[in-house]
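Work the whole structure out from these sequences, hints included.
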Amino acid sequence: MQDKIVIKGAREHNLKNITVEMPRNNMIVFTGLSGSGKSSLAFDTIFAEGQRRYVESLSAYARQFLGQMDKPDVDEIEGLSPAISIDQKAHSANPRSTVATITEIYDYLRVLYARVGKPHCPICGKPIRRMSADEIVDAILKRTIELHADPEGIRSRKNKASRNEIVVMAPAVRGRKGEYYQLLQDFYHDGFLEARVDGRIFSLRERIPLKKFKQHTIELVVDRVPLGWPVENNKSLRSRLSEAVEMALDRGNDSVQVILDDDSELLMSSRFSCPDDGFSFPEIEPRLFSFNSPYGACETCNGLGTEDIFSEIVCPACKGARLRRESLHVLLENRNIVELTNMHIDAAHDALGALSLSAADAAVAEPLLREIQNRLQFLLNVGLHYLSLDRKAGTLSGGEAQRIRLASQIGSRLVGALYVLDEPTIGLHQRDNAKLVETLEALRDLGNTIIVVEHDEDTIAASDYLIDIGPGAGRHGGEVVAAGPMPEILQNTNSVTCAYLRGDRQIPYPKKRRPEATTFLEIRGARENNLKNINVKIPLKRFVCITGVSGSGKSTLLIDILYRALARELHGSQAEPGSHKSILGAGWIDKIIDVDQSPIGRTPRSNPATYTGIWNHVRDLYTMTSEARVRGYKKGRFSFNVPGGRCEHCEGNGQIAIEMHFLPTVFVPCDVCKGRRFSRETLEVAYRGKSVHDVLTMTVEEANEFFKDIPPIRDRTQVLLDVGLGYIQLGQSATTLSGGEAQRIKLSSELARRDTGKTFYLFDEPTTGLHFEDIRKFLDVLHRLVNRGNTVCIIEHNLDIIKNADWVIDLGPEGGDMGGKIVAQGMPEDVAKVKESYTGQYLKKVLRR
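Take the sequence shown: its letters are residues 1 to 849, numbered as in the UniProt record's numbering.
If you are wondering where the hints come from, they were derived from the structure by calculation, not from laboratory data.
The structure displayed is predicted, hence computed values, not measured ones.
For each label pair, taking beta carbons as the anchor points, the in silico distance ranges come out as: (1) Thr300 - Leu414: 38 to 44 Å; (2) Glu681 - Arg513: 56 to 62 Å; (3) His783 - Asp620: 31 to 37 Å; (4) Thr300 - Gly353: 32 to 38 Å; (5) Thr395 - Arg335: 21 to 27 Å; (6) Leu490 - Arg413: 33 to 39 Å; (7) Gly191 - Asn334: 43 to 49 Å; (8) Gln377 - Thr300: 34 to 40 Å; (9) Thr625 - Lys8: 44 to 50 Å; (10) Glu232 - Lys319: 41 to 47 Å.
Note that the Cβ used here is the ideal one computed from N, Cα and C, for glycine as well.
See the structure below:
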């Protein structure tokens, strides 16, 4: 295979028929302004074509289970490998998925506990050893004697059962699917007469109908041993029982099931059974520790850990452990598998590294521990030490989920693949960036090509090859501004990115900060999650940054406690705030807004125009045109959400979904409106020669110019321009917008509203997806909010944002249990002087520039 990837004539989205080549088996960074076309080239062209080629190489049978991909708009791509995308999009919402299952660590742990774990009796707590046939017979006779003891014993003689026999059975099948016709026939031919199937005893002379796809349990009746009285010292009874037990152990995979004469049952094994109370473990195998298997899952909650899939109430049977009772009594150095997965990744790594095993167990465990420790080390290398192994996948941030998938890919040790990553440094403190870069380099050194869409300066500097897309965004982008090794292109005068990297351009910060605040919000006794009962004062009418390494407690403090508490007090929210003593100063604000990265809508009908209110004013404008007045069209005529003016064939979607049965659903343009959403009559109404469909296809920048004389529309498009979204279309589907774009659309809506100057704005890493130049513009918007008298409070790692803050509160010093304290607070210059603050040490370097 050739040593480079060559893309010829790429025209996806705003790409302008570009041709570019890059070396294989290198780490290549794509950078450029937001909307310049980086993702269009990396994901929508290179990854899409790599994945499409791989899927097309599969059989038709295999393809029916995979998504069908359209060919991207590109003339040719040479040297392409099978592609793997590791992005920030929705990770698993499966309530059963955890950090341990995603990374396959749990699979290895299950095998580890099955092979070297030590079972303990759930009743008496003593270690369980293997029982010999004689010990099993003794246990059966002991239990029988207890059943028929004097009144002072366990039962009275008058309660003596009428069966007067002991039924000895060999467990042949345990909870497995199949018809088992031949197995039952073999039993009969071997001289056996009965079997218990799914709880009922059948004669083997008759055909026993079993459903193929239903789970069955089959126990072979080996003997019915009549009781002779007295039971004690009855040699003939013991002899016959011993023969039956030995045969059952032979036929039942070292297990024997016994029905005593009162119909109670004992399950015992020559593998693991308690000699004191007769408790016998089921087969100790990896599925015993799987909450996804009926064999290992808690029978009450089916392995969910909660009462049902929609409930947060912990299962009363397993107490949230998700496994059956026996699974929780297999221990490895006094710790069961649930207790191990409850630990944070760094603690689990240390605990497994300190295991003391016998020589025989160590030989079995060594390859398993090596795989587990390698994966744990990968997670540590990407800054996720503070997560617990049982953390549910649905609660992870986009950046955390992406880095976990990255760690699992390294663990898979694929060679010759193409990995495409989207800003892997999101949510990562500068301290941990070097470890992440080392992880990417390790993936590259295995023999893979790494493409990273990134704005982080450290990652860009570590790249083998840099491709800068631009020069601007939207229609002003889509070209290759610079491509080559970092030292070669650094002097490129056409690249805005290179200008920032050289230091010719910088994001300024105020040399004189705003005066010290006189009003504060004070959180007292914050102790949710890892917060150490801290008191935090946040100055009002100022620009505040909450900083700290990943997992130090920033989101817990700002979102779980402050936002939820004030939203409940000011807006009547029902969300329960995190644990704290009190919050003082709420009277100084009248509104709290969390400008998060959740979608602005979950259907293709939602778009920037409808969310920001622009479309209402556009409809008003078209209603006032002379053509609309003549025809009597009202405002509803220009809505694609209600009948009237929309195309009824596609109901205003512009597309028709075609069900392909065994193939994925295909969306094609509506053959009536040709994708324009509206009826022909509605589209005949024009404003300055443009129909409503034409307006929806305009970019924000184009709309700002087109509607420059219409203040209600112009003001809103201008704010969208100010937050760096000039390249998106007004009618762009909400489902295609990134989290960062959705967040900035929400911010623009807030800026367009009249406020009282007493609003508290919260942001969690708003610089996601922003280039240096975009950050400069974004800071202007934030300062505008503060200058109106509002408070802006941001969780952020980006040093260009932090150095612009009026006040910084740094949490730490580490993540997880080692965090949750205030390490430093004050103006950026004050925090930079604190040696114990990781943020301060990096901030010091930036302030010196």
